[in-house]
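Q: Each residue of the sequence shown is one higher than the one before, counting from 1 in our numbering.
It is worth saying that the hints were derived from the structure and are not from the lab.
Some hints could be false.
[To be verified] List time: in silico EDC-like cross-link candidates among lysine to aspartate or glutamate, alpha-carbon distance up to 20 Å:
1) K49 <-> D38
2) K40 <-> E52
3) K55 <-> E79
4) K12 <-> E79
5) K12 <-> E89
[Said to hold, decoys possible] Now the in silico label distances, taken between C-beta atoms and shown as ranges:
6) R24 <-> G60: 18 to 26 Å
7) T43 <-> D102: 18 to 26 Å
8) F103 <-> D54: 31 to 39 Å
9) D21 <-> A82: 29 to 37 Å
10) T43 <-> M106: 19 to 27 Å
Since this is a predicted model, take the numbers as computed values, not measurements.
A virtual CB, placed ideally from N, CA and C, is assigned to each residue, including glycine.
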Amino acid sequence: MVRTVTDNSPRKLPYADSLDDLRRQLIRASLMHQRSTDQKFATATDLAKMPEQDKVSLVGSMMAANYAYTLAGVLRMVETKAGTAVADEVGAWVDDCLVNGDFSEMNADLLALVEGEMGPRD
């Protein structure tokens, strides 16, 4: 169901049931990665001796937890500052992008610039 300006029912996003559902999924993913990170830290006796692949996995889990949590908060901020209609539109893009990738190239304005600053890939 597509929500009109006067209709307060949740709008279905491309994959999530609503903006709140998408935010719940992001928070769930954040907590899952945070728990995984906590477990790895709890079992690591010496991080310096940890195999490189475990370190990479640990950093990946920490980043995923932080990004998911931050993105859920950004969606909530958009909803409270710009309104439900804008939040639904942004949420629909996020929902689709997480599943299909960024075919609208929303970061194209910075991608080439940052890649140029970083220099050629190894």
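Q: The structure should be examined with respect to each hint, and the outcome stated for every one.
A: Checked hints:
Using a Cα cut-off of 20 Å, the hinted pair K49 and D38 holds, with the two alpha carbons roughly 17 Å apart. Between K40 and E52 the alpha-carbon distance is near 13 Å, which keeps this suggested pair within the 20 Å criterion. The hinted pair formed by K55 and E79 fails the criterion: a straight-line CA distance of about 36 Å is larger than 20 Å. Straight-line distance between C-alpha atoms of K12 and E79 comes to about 15 Å, which keeps the hinted pair within the 20 Å bound.
This hinted pair checks out: K12 and E89 have alpha carbons roughly 11 Å apart, not beyond 20 Å. Judged by the Cβ atoms, the range 18 to 26 Å given for R24 and G60 holds: they are separated by roughly 22 Å. Checked against the hint of 18 to 26 Å, the pair T43 and D102 fails, with Cβ atoms roughly 36 Å apart. At roughly 34 Å, the beta carbons of F103 and D54 sit within the given window of 31 to 39 Å.
Range check, D21 to A82: Cβ separation about 19 Å, and the 29 to 37 Å hint is violated. Distance hint check: the CB atoms of T43 and M106 are about 39 Å apart, inconsistent with the given range 19 to 27 Å.
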